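Undergrad: Protein chains in written order, with this note's numbering: chain P, 1 to 177; chain H, 1 to 313.
Source of the hints: derived by calculation from the structure; they are not laboratory data.
Treat each hint with caution, since some may be false.
To be verified - Far from chain P, by Cβ distances over 10 Å, these chain H residues were calculated:
1. H83
2. V221
3. K281
4. Y313
What the hints assert, rightly or not - Here are some chain P residues pointing at chain H (derived, C-beta under 7 Å):
5. T71
6. G80
7. V84
8. I90
9. E97
10. P100
11. D113
12. G125
This one's a predicted model, so the numbers in the text were calculated from it and none came from an experiment.
Heads up, the beta-carbon is just placed ideally off N, CA and C, and yes, glycines get one too.
Each chain, letter by letter, is given below.
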Amino acid sequence: MRYAMVIDTKKCVGCSDCVVACQTENNVPIGYCRDWITERVEGTYPKVELELRSERCNHCENAPCVRCCPTGASHIIDGGIVLVTPNECIGCGACIESCPYDARFQHPDGYVDKCTFCHHRLEKGQLPACVSVCPTKCMYFGDLDNPNSEVSQLLKARKHKTLAPEAGTKPHVYYLI
Amino acid sequence: MEEELFTSGRNIPNIDPSLQIWHWPISVYLFLGGLAAGLLFFAALFTVLKKDGEVPATVKYAVIMAPIALVLGLIALFYDLTHKFYFWQLYTTVRIESPMSWGAWVLLLITPLSMLWVFSYWKEIFPKMDMKFGFLRKFQSFLVKNRMNMAYLLIPLAIVLGIYTGILLSAFNARPLWNNAILGPLFLVSGLSTAAATIILFSKSHSERSLFSKIDIILIVIELALIVHMIMGYWAGSEVQLEAMELLINGEFTVMFFVFVVILGLLVPGFLEILELRGYKVPVVVPAILILIGGLVFRFVMVEAGQLTRYLY
Numbered sequence: 001m002r003y004a005m006v007i008d009t010k011k012c013v014g015c016s017d018c019v020v021a022c023q024t025e026n027n028v029p030i031g032y033c034r035d036w037i038t039e040r041v042e043g044t045y046p047k048v049e050l051e052l053r054s055e056r057c058n059h060c061e062n063a064p065c066v067r068c069c070p071t072g073a074s075h076i077i078d079g080g081i082v083l084v085t086p087n088e089c090i091g092c093g094a095c096i097e098s099c100p101y102d103a104r105f106q107h108p109d110g111y112v113d114k115c116t117f118c119h120h121r122l123e124k125g126q127l128p129a130c131v132s133v134c135p136t137k138c139m140y141f142g143d144l145d146n147p148n149s150e151v152s153q154l155l156k157a158r159k160h161k162t163l164a165p166e167a168g169t170k171p172h173v174y175y176l177i
Numbered sequence: 001m002e003e004e005l006f007t008s009g010r011n012i013p014n015i016d017p018s019l020q021i022w023h024w025p026i027s028v029y030l031f032l033g034g035l036a037a038g039l040l041f042f043a044a045l046f047t048v049l050k051k052d053g054e055v056p057a058t059v060k061y062a063v064i065m066a067p068i069a070l071v072l073g074l075i076a077l078f079y080d081l082t083h084k085f086y087f088w089q090l091y092t093t094v095r096i097e098s099p100m101s102w103g104a105w106v107l108l109l110i111t112p113l114s115m116l117w118v119f120s121y122w123k124e125i126f127p128k129m130d131m132k133f134g135f136l137r138k139f140q141s142f143l144v145k146n147r148m149n150m151a152y153l154l155i156p157l158a159i160v161l162g163i164y165t166g167i168l169l170s171a172f173n174a175r176p177l178w179n180n181a182i183l184g185p186l187f188l189v190s191g192l193s194t195a196a197a198t199i200i201l202f203s204k205s206h207s208e209r210s211l212f213s214k215i216d217i218i219l220i221v222i223e224l225a226l227i228v229h230m231i232m233g234y235w236a237g238s239e240v241q242l243e244a245m246e247l248l249i250n251g252e253f254t255v256m257f258f259v260f261v262v263i264l265g266l267l268v269p270g271f272l273e274i275l276e277l278r279g280y281k282v283p284v285v286v287p288a289i290l291i292l293i294g295g296l297v298f299r300f301v302m303v304e305a306g307q308l309t310r311y312l313y
């Protein structure tokens with residue numbers, strides 16, 4: 001089992017529904033986000049291209065945050081999801097420094113927090129909150145090890161990329177371009 | 001023409017625009033840790049070489065600063081934790097891949113060891129202060145007998161502590177300014193140099209001062225060479241590293257870096273020490289203080305500037 005998220009940048013309209021859904025589902029404190037929208041405008045007028053991306057923790061296969069954690073609070077569970085155990089986290093900030101995506105933050109209670117791929121929902125057979133609310137259905141979630149899953153099929157059929165692959169992190173969030 | 005106009009959208013008030021996770025206590029700790037590592041290294045080295053009689057300040061007096069620096073450094077580290085009362089979780093596991101885990105364990109060993117070292121010289125540091133309890137006297141004579149063993153332990157521990165203060169930063173590939181292999185040796189040499197300066201401040205014997213002036217000049221030359229290597233490394237690097245280099249050589253940290261670290265912290269004190277060895281009258285306090293300030297500013301520049309650098313995507 002290797003969970004992955006596939007996001008279609010051609011369908012995303014940048015409405016931020018995923019951001020709000022995440023904040024509501026996970027009780028993210030005000031002023032913090034576990035996911036966010038990035039706009040990237042490229043080119044010169046009149047040939048201008050806009051790319052919209054819903055970004056979050058990439059649940060990297062080679063996660064620098066897990067490597068640098070001095071207590072083992074950051075860890076990878078079955079399915080390749082990177083999680084933080086609040087009661088083991090000392091709030092040293094090493095994982096925040098180590099993340100090329102700046103996906104982690106210090107929760108006002110002190111421990112480090114980030115996207116969990118909504119693994120509490122996955123256990124109940126539901127999709128992550130962001131995926132389930134997306135009004136343009138531009139987000140897909142599934143198992144990369146299953147060649148027939150929607151995500152595997154999409155990655156086979158469409159051109160795609162990951163963010164900062166040169167960082168060597170092997171992200172599990174893919175963007176269709 | 002492919003021109004990127006902007007990348008934006010992320011504006012999370014408590015996270016953006018740039019990372020500020022490690023604040024001044026971390027810079028202060030990296031300085032104090034390097035200083036303590038250097039002091040303990042010199043004290044242990046001269047003991048192992050059986051030259052401890054010739055360098056009284058090194059093995060007895062300046063080394064008092066080591067446990068003080070370590071305790072202050074530990075307080076600073078604790079202060080910068082955000083989930084403070086779980087700090088003991090550091091000592092429930094050993095994580096080989098995490099430099100911070102290495103550091104936590106080394107500090108756990110070297111801090112009490114540095115205190116025991118100073119205690120073993122108690123009678124000579126405070127000749128008038130008599131220890132009232134017999135068991136303390138017995139304990140002290142036990143320590144005096146085992147001083148050589150302590151020295152053998154301290155040498156590797158001090159080197160690991162000195163290098164780890166640099167590796168702690170260089171292990172983060174997400175921060176291009178930090179991510180260069182030279183930072184570990186550079187921080188070790190800088191720590192040894194600040195320790196030599198502290199010994200010069202404490203020493204009352206002329207021969208010891210000139211010995212450490214000579215050692216310090218060598219360390220300054222090595223440090224300058226390592227800084228040149230570091231900048232060459234950025235220069236030969238990828239775009240993110242070129243951007244990181246800009247901060248040091250043509251950006252907001254240029255004045256801090258070149259004026260306070262390179263010129264006032266290395267070149268000027270090195271020059272003054274050479275003059276002093278040549279027989280000119282230079283108060284030794286001046287180069288020693290300049291080196292200490294330079295070392296501290298260097299830690300601040302690296303910690304603050306490093307957090308401004310990041311990956312582009």
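Undergrad: Would you mind marking each hint as holding or not holding in the structure?
TA: Status of the hints after comparison with the structure:
Here H83 of chain H does not stay apart from chain P, with its beta-carbon only about 3 Å from theirs, under the 10 Å limit. At the 10 Å boundary, the C-beta of V221 of chain H stays outside the reach of chain P, the nearest C-beta of that chain being 31 Å off. With a least CB separation of 47 Å from chain P, K281 of chain H remains clear of the 10 Å interface cut-off, as annotated. For Y313 of chain H, the condition that its CB be more than 10 Å from all CB atoms of chain P is violated, with the nearest at approximately 4 Å.
Nearest Cβ of chain H to the Cβ of T71 of chain P: about 4 Å, under the 7 Å cut. The hint holds. With a cut of 7 Å, the hint placing G80 of chain P at the interface with chain H is violated, because the nearest CB-to-CB distance is about 18 Å. Interface hint status for V84 of chain P: violated, as the beta-carbon distance to the closest one in chain H is roughly 10 Å, over 7 Å. For I90 of chain P, the shortest C-beta to C-beta distance to chain H is roughly 5 Å, which falls under 7 Å, so the interface hint holds.
With a least beta-carbon distance of about 5 Å to chain H, the hint placing E97 of chain P at the interface is held under the 7 Å criterion. Restraint check, P100 of chain P versus chain H: the minimum CB separation of about 4 Å is within 7 Å; hint holds. Contact between D113 of chain P and chain H, as hinted, is not supported at the beta carbon level, the nearest pair being about 11 Å apart and thus beyond 7 Å. Because the smallest distance between the Cβ of G125 of chain P and any Cβ of chain H comes to about 31 Å, over 7 Å, the interface hint for this residue is violated.
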